[in-house]
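A.B. asks: Chains as they are written, first to last, in numbering that gives the first Met the number 0: chain U, 0 to 302; chain F, 0 to 302.
Worth double-checking, as some hints may not be accurate.
As the list claims (entries may be wrong) - Using 16 angstroms as the maximum straight-line C-alpha spacing, the simulated EDC-like pairs for lysine to aspartate or glutamate come out as follows:
#1 U:K28 to U:E116
#2 F:K224 to F:D284
#3 U:K57 to U:D91
#4 U:K28 to F:E273
#5 F:K283 to F:E273
#6 F:K28 to U:E69
Claimed, not checked - Listing some non-contacts, in silico: residues in chain U with all C-beta distances to chain F over 12 angstroms:
#7 D33
#8 S126
#9 Q228
#10 R254
If you are wondering where the hints come from, they were derived from the structure by calculation, not from laboratory data. If you're wondering where the values come from, they're calculated on a predicted model, not measured in any experiment. C-beta atoms are modelled at their ideal positions from N, C-alpha and C, and glycine is treated no differently.
Number of protein chains: 2
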Amino acid sequence: MGTGDDAALISVPAGAELAISTDTLVSGKHFFADADPYRLGYKSLAVNLSDMAAMGAKPRWALLALTLPEELVNQNTAWLAEFSKGFFTLADRYHVELIGGDTTAGPLNIGIQIIGEVAAGKALRRSGAQPGDDIWVSGKLGDAALALCHELQQITLEPEEIAQCLPSLLTPVARVELGQRLIGLAHSAIDISDGLAADLGHILAASEKAACINIIDIPCSAVLKKYRQQSIAIDCLLAGGDDYELCFTAAKTNRREIEKLSVELTLPLTRIGEIYSGAGLTVKDAQGSAMTLDSKGYDHFNA
Amino acid sequence: MGTGDDAALISVPAGAELAISTDTLVSGKHFFADADPYRLGYKSLAVNLSDMAAMGAKPRWALLALTLPEELVNQNTAWLAEFSKGFFTLADRYHVELIGGDTTAGPLNIGIQIIGEVAAGKALRRSGAQPGDDIWVSGKLGDAALALCHELQQITLEPEEIAQCLPSLLTPVARVELGQRLIGLAHSAIDISDGLAADLGHILAASEKAACINIIDIPCSAVLKKYRQQSIAIDCLLAGGDDYELCFTAAKTNRREIEKLSVELTLPLTRIGEIYSGAGLTVKDAQGSAMTLDSKGYDHFNA
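Produce the entire structure from the sequences given, and follow the hints as far as they go.
C.D. replies: See below:
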């Protein structure tokens with residue numbers, strides 16, 4: 000049942016659990032105040048889809064709580080039309096139904112709730128990593144953060160370089176299919192929204208395990224490789240949020256299956272290290288020496 | 000499963016549907032910037048519980064998306080402690096579990112999502128009103144709006160009068176038990192969050208019916224009665240939001256059952272009019288003449 004009553008009603012198929020999550024995007028914190036509304040609508044849903052991907056859930060329904068400044072409602076209805084177009088472009092792709100929401104006047108604040116289905120007891124969790132597991136990441140890391148550094152004038156990219164990196168920041172791709180296909184293959188998973196070190200750290204904390212990863216194994220774009228001698232690029236790779244790729248761990252015996260999945264989805268899946276007993280994350284540099292991590296992730300209150 | 004993973008997981012009992020809703024409270028719009036945080040936490044959940052009540056659903060889970068100004072996080076952690084105390088006081092009363100959320104820095108914005116259970120196909124809807132149905136409201140209407148008028152210096156209440164009205168505005172009571180008990184008794188229901196005329200209007204629109212109510216039958220406090228000669232008090236009664244009482248329609252044959260329920264819940268349930276074929280809402284004054292409605296409800300963009 001769609002919008003219209005005081006609440007939406009959903010039926011859950013027998014044998015399924017629901018995965019439910021909420022993510023808020025705030026002007027000036029998650030996006031620039033003058034951000035393109037189409038991309039904003041798209042990204043707002045994408046970051047929520049990414050939470051479903053991390054659980055291996057099939058996204059089904061969304062709610063949208065939109066707080067809008069008066070000027071966006073009264074003077075420029077094009078804003079809302081473009082925002083909606085971006086939102087529904089992605090929603091339609093994954094057959095996600097908007098079933099409810101709330102619209103209020105106030106400083107721009109985009110709250111989305113997403114609800115997905117997953118077979119009971121099968122959801123991917125952060126807590127399942129086992130000693131000996133390979134650590135994998137999907138796609139390439141760091142481009143979104145590199146583009147943000149450029150926008151914040153902390154680094155200067157060539158025009159063709161920023162053109163290559165910006166889509167990762169503005170219209171990230173949630174790994175929705177990958178997440179669902181990892182059920183039964185992966186022991187643990189998380190989406191990389193706060194940065195690889197922080198998010199892998201969440202897996203280690205929840206699983207009560209240690210890990211070692213090699214920085215040269217972390218997949219990244221040619222642009223990021225070019226700047227790899229600069230500490231800011233290392234930060235992008237290890238601590239850059241907004242990539243929305245998946246990090247997961249799986250038994251070594253599943254390597255072939257995961258490589259086949261990579262081919263099938265035409266999505267790079269790369270082994271970057273291993274899970275051990277113990278606690279803590281070790282990152283080895285190109286020479287095999289343990290690195291000191293300056294920043295372990297993106298903290299929305301301090302970054 | 001509580002917070003910790005990228006999404007919360009919930010299992011739905013066989014034969015149940017989920018009712019899901021989201022309501023956002025924005026500083027300066029839904030509450031004064033210096034509002035007491037305990038009451039704010041309480042009310043934020045109450046308005047969401049009210050949506051469950053309107054559907055006849057049993058509230059089970061909530062998510063909290065909190066956008067907080069830096070000063071509330073950094074300098075005054077008492078704010079968050081008090082807010083939480085208010086939120087959990089009410090959550091505990093209804094055994095509602097907080098299963099997830101998101102915390103972000105930015106202008107104060109409180110987004111809550113609530114999920115409840117209701118027997119499949121049994122939820123109360125806006126669309127079920129039948130000709131000949133009695134129109135009922137719970138509790139008393141208008142005190143919340145009257146208190147707001149006083150706070151906005153549109154009317155001046157005596158100190159003991161404002162003390163009587165303020166709780167309706169600051170810590171409204173969601174009619175959670177009543178909603179669940181109305182399943183099988185009521186043909187349609189809504190919670191009065193935008194004002195009686197607007198919310199009953201939603202029932203009429205969804206049901207494609209007309210209604211006539213008598214203003215002298217609308218239950219109100221002695222305080223509101225005292226000011227009833229002033230048009231502002233009439234506005235409070237018909238168009239005052241924030242009451243969070245229920246308005247419902249039921250067959251005349253259910254009168255005795257509903258009166259028994261009123262006694263059992265020690266909650267006044269009052270008949271205020273009747274549903275007819277056709278369209279539109281007629282409000283009759285004390286002399287039985289149709290009134291002209293100046294304002295039909297509270298619009299968050301124009302009020």
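A.B. asks: If a hint holds in the structure, say so; if it doesn't, say that too.
C.D. replies: Here is how each hint holds up against the structure:
no., hint, result
1, U:K28 to U:E116, "30 angstroms, violated"
2, F:K224 to F:D284, "14 angstroms, holds"
3, U:K57 to U:D91, "14 angstroms, holds"
4, U:K28 to F:E273, "51 angstroms, violated"
5, F:K283 to F:E273, "12 angstroms, holds"
6, F:K28 to U:E69, "12 angstroms, holds"
7, D33, "16 angstroms, holds"
8, S126, "8 angstroms, violated"
9, Q228, "33 angstroms, holds"
10, R254, "24 angstroms, holds"
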